Amino acid sequence: MVRVLHLRYFWCVFLWIPLEAGALQCVADPLAVFTELGGDPDDKEVHVRADNSAGDYRRADFSGSVEMHQGDKHLFAPELTYRHEEGKAELERGGVISTSEAAIEGIKGHYDSEAQTASFEEAEYYLRGKQQAAVGSAKNARFDRSHNRDDFESVTWTTCARLHPAWHIKAHTLMLDHNRERGVARDMTLRIG
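Using my numbering, read the sequence shown as starting at 1 and increasing by one per residue.
By construction, these hints were calculated from the structure, which means they are not laboratory data.
These numbers come from a predicted model, not from an experiment.
Watch out, some of these pointers could steer you wrong.
[Said to hold, decoys possible] Below, computed lysine-lysine pairings styled on DSSO-like, alpha-carbon distance capped at 30 Å:
#: 1; residue 1: Lys108; residue 2: Lys88
#: 2; residue 1: Lys108; residue 2: Lys44
#: 3; residue 1: Lys170; residue 2: Lys130
#: 4; residue 1: Lys170; residue 2: Lys108
#: 5; residue 1: Lys44; residue 2: Lys88
[What the hints assert, rightly or not] Derived Cβ-Cβ restraints for the label pairs, each shown as a range:
#: 6; residue 1: Asp42; residue 2: Asn140; range: 24 to 34 Å
#: 7; residue 1: Arg58; residue 2: Glu153; range: 29 to 39 Å
#: 8; residue 1: Asp112; residue 2: Ser63; range: 15 to 25 Å
#: 9; residue 1: Arg182; residue 2: Asp61; range: 23 to 33 Å
#: 10; residue 1: Asp42; residue 2: His164; range: 34 to 44 Å
#: 11; residue 1: Ala161; residue 2: Tyr57; range: 14 to 24 Å
#: 12; residue 1: His147; residue 2: Gly39; range: 17 to 27 Å
#: 13; residue 1: Glu121; residue 2: Gly87; range: 12 to 22 Å
Each residue gets a CB set at the ideal place from its N, CA and C atoms; glycine is no exception.
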């Protein structure tokens with residue numbers, strides 16, 4: 001039995017919903033491993049490993065199994081362009097960006113080390129919670145660590161397995177404020193089953 005609840009402009013206060021029922025327990029997400037890579041959050045140096053590189057002091061282009069990390073932030077991509085003066089990385093062919101709190105994978109990504117933001121188009125994400133993790137997909141996803149906030153457009157969100165969730169929400173927009181432990185979903189549908 002499938003129950004669908006349609007709500008328009010519904011304010012939803014939640015973040016990590018503890019579920020006690022054994023039938024609703026879920027398996028680990030493939031993106032979870034990226035949140036366990038570690039690193040010193042105070043290390044501001046940018047470290048890059050790649051099969052190929054070209055560039056100068058302003059811009060560097062990397063290709064072939066690119067791995068970049070700065071402190072506890074990690075980027076993995078087939079290609080990456082890094083602008084040294086701006087502290088910005090472009091992942092034109094997609095990839096994964098992760099911290100100890102979140103991992104996001106998508107087809108086109110941006111990382112700004114100065115602003116502490118990362119964004120992806122056509123994204124899949126994993127958010128490590130205090131009690132339980134959340135996963136989903138979004139047309140656009142933006143993580144802002146300077147304000148401890150995540151913003152999503154055309155988003156799904158659940159604390160269950162990505163492929164066959166026991167429940168999930170689908171919303172036009174979703175904003176998660178980790179400082180206040182609050183979330184706001186707009187034009188939201190809750191699907192159970």
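Hints, one by one, checked against the model:
The hinted pair formed by Lys108 and Lys88 meets the criterion: a straight-line CA distance of about 14 Å does not exceed 30 Å. A distance of roughly 24 Å separates the Cα atoms of Lys108 and Lys44; the hinted pair therefore holds under the 30 Å criterion. Restraint check: the Cα-Cα separation between Lys170 and Lys130 comes to about 22 Å, which is no more than 30 Å; the hinted pair holds. Our distance criterion of 30 Å between C-alpha atoms is met by Lys170 and Lys108, whose separation comes to about 22 Å.
Restraint check for Lys44 and Lys88: satisfied, since their Cα atoms lie roughly 13 Å apart, inside the 30 Å limit. Remark: the range hint 24 to 34 Å for Asp42 to Asn140 is upheld by a beta-carbon distance near 30 Å. Between Arg58 and Glu153 the Cβ separation comes to about 32 Å, which falls inside the hinted range of 29 to 39 Å. The hinted window of 15 to 25 Å between Asp112 and Ser63 holds, with their beta carbons roughly 21 Å apart.
For the pair Arg182 and Asp61, the beta carbons lie near 40 Å from each other, so the given range of 23 to 33 Å is not met. For the pair Asp42 and His164, the beta carbons lie near 40 Å from each other, so the given range of 34 to 44 Å is met. For the hinted restraint 14 to 24 Å between Ala161 and Tyr57, the CB-CB distance of approximately 46 Å leaves it violated. Under the hint 17 to 27 Å, the C-beta atoms of His147 and Gly39, about 21 Å apart, fit the expected range.
A hinted range of 12 to 22 Å for the beta carbons of Glu121 and Gly87 is consistent with their spacing of about 21 Å.
The structure fails hints 9, 11 (numbered hints given earlier, in ascending order).
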